[in-house]
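Novice: These are the residues of each chain, in order.
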Amino acid sequence: MIEIQKIEKQFGNLSVLKGVDASFNAGNVVSIIGPNGSGKTTLIKCILGMVVPDNGSIQFAGKNILNDYSYRQQLGYMPQIGRYPENMKMGQLFAMMKDLRKSAHVLDEELINEYQLMAMQDKPMRTLSGGTTQKVSAALAFLFNPKVLILDEPTAGLDPLAAEILKAKITKAKEEGKLIIITSHIMSEVEEIADSIMYLYEGKVNFYKTITSLKQETGEEKLGKAIAKIMKSQSHA
Amino acid sequence: MLKIAKYVIYDILRSKVLIAYTLFLLVISFSLFALETDGAKSIVSLLSIVLIIVPLISIIFTTTYFYNSYEFIELLVAQPLARNTILLGEFLGVALSMAATFFIGIGIPVLIYASSSTGMILLLAGIVLTLSFISIAFFASVAMRDKAKGIGLSLLLWFYFSVIYDAIVLAFLFSFSDYPLDRAVIALASLNPIDMARLMVLMKLDISALMGFTGAVYKQFFGSSFGLFYTIGIMLFWITLPLLASVRIFKKKNL
Amino acid sequence: MKLRCLFYTLFFSLFCKATTVTLCKDCPVQNFKQALQVIKPYDTLVIKKGTYTCINETIYKPITIIGESLPVLDGKQMDEILVVMSNDVHLFGLAIANSKCGSMKDYAGLRVFKARNVIIENCQLTNTFFGIYLSDSKCITVKNCSGKGAHYGKSDTGNGIHLWKCDSISITGNHLEGHRDGIYLEFAKHCTIESNLCERNFRYGLHFMFSDNDTYSNNTFTGNGTGVAVMYSKGVHMFNNKFLNNWGDAAYGLLLKDMSNGIIKNNIFQNNTIGVTMEGGTNMRFEKNDFVQNGYGLKVMANCRLDTFVLNNFSGNTFDASTNGELKENLFEKNYWDKYEGYDLNHDAIGDIPYRPVSLYSVLVDQMPYAIMLMRSFTIDLLNKAEKNIPSIVPETFIDNKPIMKMIKRR
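Quick note, the sequences are listed as chains A, B and C, same order. Sequence positions in the first sequence follow my numbering and run 1 to 237. Sequence positions in the second sequence follow my numbering and run 1 to 255. Sequence positions in the third sequence follow my numbering and run 1 to 411.
Excised from the complex, chain A in its bound form (with noise of 0.2 Å):
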């Protein structure tokens, strides 16, 4: 679905991305994890086009994504931090979201519905908490049934509820077919959503492989531990 080469990112003198490489395909749930400043969050923006780079290529279902935006109709995204018009309510932004995408596909308006963000469409968007702003986020990532989703910290500020809510979605997104790129500190999160982890450190793919394989290579039941102990071993070497 998604096929990075050697992507470099310069911001300034700091180098972000150093060559990443790196494969995603349909019906997977992949999860980037690394320490804060490793590049993550670039990745991503870089594969959605908002951050372009300096030297590499990106291609989407076998296109280029350089100067093309029309890829984007099979993206959904779910910022960090969503910010929105400050001014807008919430019914006049997802129906400003929906004119302005004019999507083929049915809409998935489940996560809205579950979440009962309707009943708060008059509020404008700078009067929403925190938590709610990310209810927002994340269901506008599935309401236009993209083939591909990229939720960066998902579940941060989402309460345990509306978590399980949101996990729930991704594993069904992942059962029809759908590919998911998440970023995450939370192993145990990780574990229970993801099929692999690709970990960056300081801009480069210090591995990629799925869950199964490191609980093997590690011997370790826990996902956390399996980590640490080939960070320790590469360390050591």
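Just so you know, the hints here were simulated from the structure itself, not pulled from any lab data. Even glycine gets a Cβ: it sits at the ideal position worked out from N, Cα and C. Any given hint could be a false lead.
[Unchecked claim] One side only, chain C facing chain B, incomplete, derived with CB under 7 Å:
| # | residue |
| --- | --- |
| 1 | T318 |
| 2 | D338 |
| 3 | M368 |
| 4 | A371 |
| 5 | M373 |
| 6 | L374 |
Could you slot chains B and C onto chain A? The hints should help.
Specialist: Just chains B and C, lined up with the frame of chain A:
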């Protein structure tokens, strides 16, 4: 593009800053016409508002609006929309609302009190100036990531076009006053949208003084049909060039 | 002057036992030359409608000629057309056309030479080199006549009404266009020029040379090279005239040169490149004039002395005034200047701080003419303001110490 413009206009209308600006212009122009019995003098006062205040408000409003709608732009960029569509849509929205504001705030009083050809040219000059300073503001905001730096650059550009540039021209004329400068002067005026707009109005307002020796040069040039096309061309250039430059930067911009 | 002329008129009417000669195509008298021979002094010649050849014919007898339905005296571009060399000639309703043009001699449509008490009324002059040429004459009236220059719009044409060494001439209600000068006076004294319209004459609408104690009033001068030029003359009075639309390099509403003791009152100067320019004026008085929408309202050269400017309105001018040095012994007082930004705390309708009509920018434009392109620039406004507060370049003495706050309404 039109859809984005539509939402931009909704948003601007909700912010009420522009409504305050419209009222400000209305109050100023009505009081200028009401307090001043001499219509020509009101036009002169309006001219200085059109040449100074209108570009200033246009550039500052657009820059702050751009940074305040950064979230909106971020949201749009992740959607299946081309970047130039997004930026041109933003421009169209801001341009339409500012032009409407100018037209209501200054246009209506002028149409009521001074619907002469001078008044019409003044309106045309004002709208063209509004558009070119919005365009320049887009350039400054797209070029600078930081809001404070962006507003600073905008203010600097405004100050350059409205004060510094003419001082440079004066110094130039002073240094080369022994040479024939007909063409040089027209070229110099072309490099500043405010100067172009000013000359457009002067051709009507101060035609008597311009009929003197050197003034006749300008009259001859700007009065001809070539001069008319030239003026229109230069003004369009000042609207499109900064906008095209900002589209170019925006296409590569990291959000 | 009026009294003297009246005396002649009375004297003339004592001989009024006139008979009438008629000139027409079917009459016994069929040509103009013959008519002039047949007619006796103090008789009346009536000319019926038609065109009559008239090449350099001279009237030696005191007669009256009345044209009915504007008969044409055609000079066929051979020579002058009609010459009056007798006193007490009255000409009414004649069309005089097609004189010769040339640079060697001032060919005229109608010439009056060494005559007194001649009245020319309702005559039309077309395609003549000079229109009406009065020389060495006294007590002549030219009334309600019109003149259109020969080479309309070109420079090689003469003057509409030309006066040379005349006295007590009255020129009233005439319309002159397309000449070199509409009306020209040289060595002409005690003349009255009233209610004429002079337009599109390529040099001056009205031109005085060495002509003293004349008055012109209620005239309109529009679209001429320069409205009126008054040179080397004393005691010329100018009242209620309009000087309009004189545009171009060296185009003035009123040009005054080496003048003294003139009065300029109640005139309007509008839409001129320069409203009034004065060089070498002494003891001139400008009162209650309107200077409106001119490039420069007033240009006063530094060699002017003892002149007074009071109760004038200056509004809508690009520059109110300009000069070329320090003005001495000239008085500006109680004028209205629309660019005045002072205040009137004691409410006596007079501004509390003086006004300097010459701006820094007008001085700059004088020195480097191309700076005209910066007109109304914000930068220029700032410079002008700075200079107003700390004058260093503008002339110190060009100052109105009592500027009035409101425009004087007088019409």
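Novice: Hints first: check each against the structure and report whether it holds.
Specialist: A quick look at each hint next to the structure:
1. T318: Because about 4 Å separates C/T318 from the closest Cβ in chain B, which is inside the 7 Å limit, the hint holds.
2. D338: 6 Å, holds
3. M368: Holds. Min distance 4 Å.
4. A371: 5 Å, holds
5. M373: 5 Å, holds
6. L374: 6 Å, holds
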